[in-house]
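Asks: Chain by chain, the residues:
Number of protein chains: 2
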Amino acid sequence: MTTSELSKKNILIVGGGFAGIGCAKKLANCAASITLIDRHNYHLFQPLLYQVATAVLSPADIASPIRHIFYKQENVRVGMGELSGVDLEKRIAHFDNVDVKYDYLVLAAGARDEYFGKDEWAQLAPAMKTIDDALDIRRRVLMAYEAAEWEADESARRAKLTFVVVGGGPTGVEMAGALKEIAAKTIPKDFSNIDTTTARVILVEGGGRLLAAMPEKASEQAMRDLEKMGVEVRLNSFVTDISPGMISIGNEKLAVENIIWAAGVRACKFTETLGVELDRAGRVVVNPDLSIPGHPEVFVVGDLAHAFDEKSGRPVPGVAPAAIQMGEYVAELLGREIESGAAEAERKPFRYHDKGSMATIGRNRAVAAIKGRTFSGFPAWLFWGIVHLIPLVGFRRRLSVMFSWAWSYFSFTKNARLITGNIKMKVKRLRRD
Amino acid sequence: MTTSELSKKNILIVGGGFAGIGCAKKLANCAASITLIDRHNYHLFQPLLYQVATAVLSPADIASPIRHIFYKQENVRVGMGELSGVDLEKRIAHFDNVDVKYDYLVLAAGARDEYFGKDEWAQLAPAMKTIDDALDIRRRVLMAYEAAEWEADESARRAKLTFVVVGGGPTGVEMAGALKEIAAKTIPKDFSNIDTTTARVILVEGGGRLLAAMPEKASEQAMRDLEKMGVEVRLNSFVTDISPGMISIGNEKLAVENIIWAAGVRACKFTETLGVELDRAGRVVVNPDLSIPGHPEVFVVGDLAHAFDEKSGRPVPGVAPAAIQMGEYVAELLGREIESGAAEAERKPFRYHDKGSMATIGRNRAVAAIKGRTFSGFPAWLFWGIVHLIPLVGFRRRLSVMFSWAWSYFSFTKNARLITGNIKMKVKRLRRD
Numbered sequence: 001m002t003t004s005e006l007s008k009k010n011i012l013i014v015g016g017g018f019a020g021i022g023c024a025k026k027l028a029n030c031a032a033s034i035t036l037i038d039r040h041n042y043h044l045f046q047p048l049l050y051q052v053a054t055a056v057l058s059p060a061d062i063a064s065p066i067r068h069i070f071y072k073q074e075n076v077r078v079g080m081g082e083l084s085g086v087d088l089e090k091r092i093a094h095f096d097n098v099d100v101k102y103d104y105l106v107l108a109a110g111a112r113d114e115y116f117g118k119d120e121w122a123q124l125a126p127a128m129k130t131i132d133d134a135l136d137i138r139r140r141v142l143m144a145y146e147a148a149e150w151e152a153d154e155s156a157r158r159a160k161l162t163f164v165v166v167g168g169g170p171t172g173v174e175m176a177g178a179l180k181e182i183a184a185k186t187i188p189k190d191f192s193n194i195d196t197t198t199a200r201v202i203l204v205e206g207g208g209r210l211l212a213a214m215p216e217k218a219s220e221q222a223m224r225d226l227e228k229m230g231v232e233v234r235l236n237s238f239v240t241d242i243s244p245g246m247i248s249i250g251n252e253k254l255a256v257e258n259i260i261w262a263a264g265v266r267a268c269k270f271t272e273t274l275g276v277e278l279d280r281a282g283r284v285v286v287n288p289d290l291s292i293p294g295h296p297e298v299f300v301v302g303d304l305a306h307a308f309d310e311k312s313g314r315p316v317p318g319v320a321p322a323a324i325q326m327g328e329y330v331a332e333l334l335g336r337e338i339e340s341g342a343a344e345a346e347r348k349p350f351r352y353h354d355k356g357s358m359a360t361i362g363r364n365r366a367v368a369a370i371k372g373r374t375f376s377g378f379p380a381w382l383f384w385g386i387v388h389l390i391p392l393v394g395f396r397r398r399l400s401v402m403f404s405w406a407w408s409y410f411s412f413t414k415n416a417r418l419i420t421g422n423i424k425m426k427v428k429r430l431r432r433d
Numbered sequence: 001m002t003t004s005e006l007s008k009k010n011i012l013i014v015g016g017g018f019a020g021i022g023c024a025k026k027l028a029n030c031a032a033s034i035t036l037i038d039r040h041n042y043h044l045f046q047p048l049l050y051q052v053a054t055a056v057l058s059p060a061d062i063a064s065p066i067r068h069i070f071y072k073q074e075n076v077r078v079g080m081g082e083l084s085g086v087d088l089e090k091r092i093a094h095f096d097n098v099d100v101k102y103d104y105l106v107l108a109a110g111a112r113d114e115y116f117g118k119d120e121w122a123q124l125a126p127a128m129k130t131i132d133d134a135l136d137i138r139r140r141v142l143m144a145y146e147a148a149e150w151e152a153d154e155s156a157r158r159a160k161l162t163f164v165v166v167g168g169g170p171t172g173v174e175m176a177g178a179l180k181e182i183a184a185k186t187i188p189k190d191f192s193n194i195d196t197t198t199a200r201v202i203l204v205e206g207g208g209r210l211l212a213a214m215p216e217k218a219s220e221q222a223m224r225d226l227e228k229m230g231v232e233v234r235l236n237s238f239v240t241d242i243s244p245g246m247i248s249i250g251n252e253k254l255a256v257e258n259i260i261w262a263a264g265v266r267a268c269k270f271t272e273t274l275g276v277e278l279d280r281a282g283r284v285v286v287n288p289d290l291s292i293p294g295h296p297e298v299f300v301v302g303d304l305a306h307a308f309d310e311k312s313g314r315p316v317p318g319v320a321p322a323a324i325q326m327g328e329y330v331a332e333l334l335g336r337e338i339e340s341g342a343a344e345a346e347r348k349p350f351r352y353h354d355k356g357s358m359a360t361i362g363r364n365r366a367v368a369a370i371k372g373r374t375f376s377g378f379p380a381w382l383f384w385g386i387v388h389l390i391p392l393v394g395f396r397r398r399l400s401v402m403f404s405w406a407w408s409y410f411s412f413t414k415n416a417r418l419i420t421g422n423i424k425m426k427v428k429r430l431r432r433d
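The listed protein sequences correspond, in order, to chains A and B.
Position 205 of the first sequence, counting from 1, maps to 205 under our numbering, and the rest follow consecutively.
Position 24 of the second sequence, counting from 1, maps to 24 under our numbering, and the rest follow consecutively.
Quick caveat, the hints were computed from the structure, so don't treat them as lab data.
One or more hints might be untrue.
Pairs count within a copy or across copies, as identical chains cannot be separated in the list.
Said to hold, decoys possible - Straight-line C-alpha distance at most 27 Å; calculated DSSO-like pairs for lysine-lysine:
| id | residue 1 | residue 2 |
| --- | --- | --- |
| 1 | Lys253 | Lys118 |
| 2 | Lys72 | Lys185 |
| 3 | Lys253 | Lys426 |
| 4 | Lys217 | Lys9 |
| 5 | Lys355 | Lys189 |
| 6 | Lys129 | Lys90 |
| 7 | Lys26 | Lys189 |
Note that the coordinates shown come from a computational prediction; the quantities given were computed from them, not determined experimentally.
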């Protein structure tokens, strides 16, 4: 190491999601030594994760090795590890396998799923945060039909052919639509004993409307679209209990074998060790410059941050564009300070640029709200596709996803219908032949 | 059910590999009721499985849902289940989840890996039979580099950067070549602490030459090609012990963290319950018509069968074309007997048509032996690609694999470099920064 390298500032970025990657990329020309550590070796394009769970895309279509993203950017080192805590005074981050010293720390470790104190539900109602989660859900969904095909007991068969999605945000809406499409369009011809078109998909939302972050018009359209497809939407409904083969929605008990959780997120656990103010979801309440109180060298970005937009005063939503903007904002700030060699007297606060929001519901159906205008149907659906195709990492992935979409659109099939991993078929009473 | 359906013969096919699928497809016009049951819901194109393990292809590229293969063929029902035994007298096959009566039984359940009495090695030296196996190996290979990047202890790092492939058949040769390519071409730029081009790949073969089923000229060429790429080939060498972090080859002990088993196959366990003669690998010694002694209604095909070619008198090799031919042979025989309503007085014996054999070694390198002629290098490599592309199930898969190959050829990258599933990084002494 040369002296100039020794004197370089160490920037540690924890998390390779949209915020972490956005930050590290924006620091490409910064004369700093950057370390980026994530639990996984891949950056995941989370908005399309439900398409892995519903067998449209393969994991490699939406995930890129983080090392490969940065192999040309020489000031970035990449590692794998899980953050357990931070020593803010000594400026050391503790991972499960390594301790890393930093001059600047950017926490971008994202969120995990929130079961509101009912962690025991996680096994029965899996959520979808990682590739492995999505493959687990794919396995469960496909196995439900396989088991139903053998099941001779009528009520047990109905339970296997019932799918409940908890949470009416974008993930829940997209998942419910896709599950209904599989049942009604993709697989009916594949089964002989069961009529998959009779499968029930129930979407449960605690609030008064779906897609609460979007304009009311979009919520209503999404609801109409889902109901037209045959999804049963229950608004103002809460899950009160989940046990094997059973869900309670309010006072109603329902026999159901397939529950998917999309009801809420919570910041990663280590935020509790920071000794700073957290909101109810465990997110760090940050300063206007996204740093934490008393530590101008520590920033929190992405889903981990409870931040406010400087202009509107409203909380910054937990969406990909917001995460990227936060990451890039911190990168620009650090770039300036490292170049000038001194902390800025007054840091310009973070400002969120809302580029709109959207959700896809099914074939030719989507809703989008952009700059106060709401639109839906085929135009919104096409727009959704383009908007989600462009930011995928790498030309190869864009091509591959485009091809998979085109194929599944025109052929009504889903290519990745593989049951991998170990799962045993549980059948109450066997159809004997 | 109508009377004509009730009087239909029931053909039960166990296994959805090349033999089972080949048999069921060939029975498309047979007035029988066919049931095909496999442990998995997918048909796997096994010759390309090593490319999933080496991150070139995604599982969905080489596996198709069996239901989807037959959704238009109305005389086939598809199910999932694992065969535990057969009651030959009562003509009932017992699965883990169902019992199925049959008039004709076609056993095509294939082979599993053989550790020659050392089943405890399976954990330390995984083999590659299913998609899950391949994903496990992919995870281990990619994690080895991640762990080496953090490892401060020189000898422990060397062990992580050493890969031993046991078995010099086509799978072992292809795997060794692909592992060396990853180390030397795909990932060197991705790592900063380690030089991946120094990774050792050792191929261990018990016999006197690689690819023993091919002509000697091909074996020699494969050996030259591998050594030119930097693979260390050890002929006449036997693995005598495997323990965590250690392998013994003959009397030599080697510190190694990555061992891949490609040394032998053994028939699925249930053959032992049939009460018929088995060979040393547990395969059923079949009659010239592939039926089992005393039971003309029970056939064994594919890797499960110890069969002889009627013409040459030589054993039929355990390769995909042989499996397909056996499956189709039985289908034609059954078709004739079911149509005529009576067993044939003298069944024409099975005859194997050897269409040649081949193995790919690396970029632009392969060996092929077709009708007595051996060729190698780029022509053989291109030919290997075409021959493996055509039989993939479905136009979509062919396109996708072709695209992945072209991409990885021209870009020197491997797209599917994702570490999925749970694995902990084990590092002896941490590199501290």
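Asks: If the cutoff is 27 Å on CA atoms, where do Lys217 and Lys9 land: within, between, both or neither? Let me know, please.
Replies: Classified as neither: same-chain Cα gap 49 Å, cross-chain 59 Å, threshold 27 Å.
Asks: How do Lys253 and Lys118 come out at 27 Å by Cα distance, when the copy is not named: within, between, both, or neither?
Replies: within (18 Å within a copy, 51 Å between copies)
Asks: Between Lys26 and Lys189, at a C-alpha cutoff of 27 Å, which is it: within one copy, between copies, both, or neither?
Replies: between (50 Å within a copy, 20 Å between copies)
Asks: I want to check one pair: Lys72 and Lys185. Are their C-alpha atoms no more than 27 Å apart within a copy, between two copies, both, or neither?
Replies: Classified as between; 15 Å across copies, 44 Å inside a copy.
Asks: Treating 27 Å as the Cα threshold, decide for Lys355 and Lys189: within, between, both or neither.
Replies: Answer is neither; intra-copy 41 Å and inter-copy 36 Å both fail.
Asks: At 27 Å max between alpha carbons, let me know whether Lys129 reaches Lys90 within a copy, between copies, both or neither.
Replies: neither (32 Å within a copy, 50 Å between copies)
Asks: Within a copy, between copies, both or neither: where do Lys253 and Lys426 come within 27 Å Cα-Cα?
Replies: So Lys253 and Lys426 pass the 27 Å test inside one copy only (21 Å; across, 46 Å).
Of the numbered hints given earlier, the model fails hints 4, 5 and 6; all others are met.
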